[in-house]
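What follows is each chain in one-letter form.
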Amino acid sequence: KAGVTQTPRYLIKTRGQQVTLSCSPISGHRSVSWYQQTPGQGLQFLFEYFSETQRNKGNFPGRFSGRQFSNSRSEMNVSTLELGDSALYLCASSLVGSGIYEQYFGPGTRLTVT
Amino acid sequence: AQTVTQSQPEMSVQEAETVTLSCTYDTSESDYYLFWYKQPPSRQMILVIRQEAYKQQNATENRFSVNFQKAAKSFSLKISDSQLGDAAMYFCAYRSAVPNDMRFGAGTRLTVKP
Numbered sequence: 001k002a003g004v005t006q007t008p009r010y011l012i013k014t015r016g017q018q019v020t021l022s023c024s025p026i027s028g029h030r031s032v033s034w035y036q037q038t039p040g041q042g043l044q045f046l047f048e049y050f051s052e053t054q055r056n057k058g059n060f061p062g063r064f065s066g067r068q069f070s071n072s073r074s075e076m077n078v079s080t081l082e083l084g085d086s087a088l089y090l091c092a093s094s095l096v097g098s099g100i101y102e103q104y105f106g107p108g109t110r111l112t113v114t
Numbered sequence: 115a116q117t118v119t120q121s122q123p124e125m126s127v128q129e130a131e132t133v134t135l136s137c138t139y140d141t142s143e144s145d146y147y148l149f150w151y152k153q154p155p156s157r158q159m160i161l162v163i164r165q166e167a168y169k170q171q172n173a174t175e176n177r178f179s180v181n182f183q184k185a186a187k188s189f190s191l192k193i194s195d196s197q198l199g200d201a202a203m204y205f206c207a208y209r210s211a212v213p214n215d216m217r218f219g220a221g222t223r224l225t226v227k228p
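In the order they appear, the protein sequences are chains A and F. Under the numbering used here, the first residue of the first sequence is numbered 1, with each subsequent residue one higher. Under the numbering used here, the first residue of the second sequence is numbered 115, with each subsequent residue one higher.
Misleading hints may appear alongside valid ones.
What the hints assert, rightly or not - Quick list of in silico lysine-lysine cross-link-like pairs, DSS-like style, CA-CA up to 30 Å:
(1) F:192 <-> F:227
(2) F:184 <-> F:169
(3) F:169 <-> F:187
(4) A:57 <-> F:184
(5) A:13 <-> A:57
(6) A:1 <-> A:57
(7) A:1 <-> F:169
(8) F:227 <-> A:57
Said to hold, decoys possible - Reference listing, derived: stretches of chain A covered by chain F, where coverage requires no fewer than 3 residues with Cβ under 8 Å from a Cβ of chain F:
(9) 42–48
(10) 103–109
These aren't lab readings, by the way, just hints derived from the structure by calculation. Beta carbons: idealized from backbone N, C-alpha and C, even for Gly.
Using the sequences and the accompanying hints, generate a full structural model.
Dropping the structure here:
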């Protein structure tokens, strides 16, 4: 099976712009979670989608949003970018419902805001 | 809220030796899952091992094993016969049995000396 894929892998944006990141989960996985990883804050949970519905949300401002499509692919959007949004954004998918809750991570999108 | 603590920011081990990484967590739940993830430098995060809280037997995956002490809320990772390829950031993670976000520790950077 193909793993979790994320596009683009690298992105440079200017403060004030918006950005959309994409994630394709492992085939059959219906849960997709997003994380922000920074050296200072570590791994922080953004949100989780399951069957096109946001099931959990972390403590991030409303500038961070996401959605999930019927094929389980997910996108996250960050509007009005700030310098502090520079981070590695990780997407993870899991096969929820089978009693197994481990997540499988994609390679991440490295976002740099200048 | 569940919290995960990794008290060792950095650890070092000689090749072929054994090293133990510590993790403690705080929860009021009785059913949950614990994981160790490995993130090599500039590479994808991968699952090393998982432990279901309802299982008393400690999980083992080849050279990786855990010491799960439920009462003490401790979940340490032992790496035997350390190899150069084991050098990475190791994250301990917790997830409730009721699907919820994954909580990660701050990570332990493991260096393997030849």
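Please flag the earlier hints that this structure goes against, numbers listed from lowest up.
-> 8
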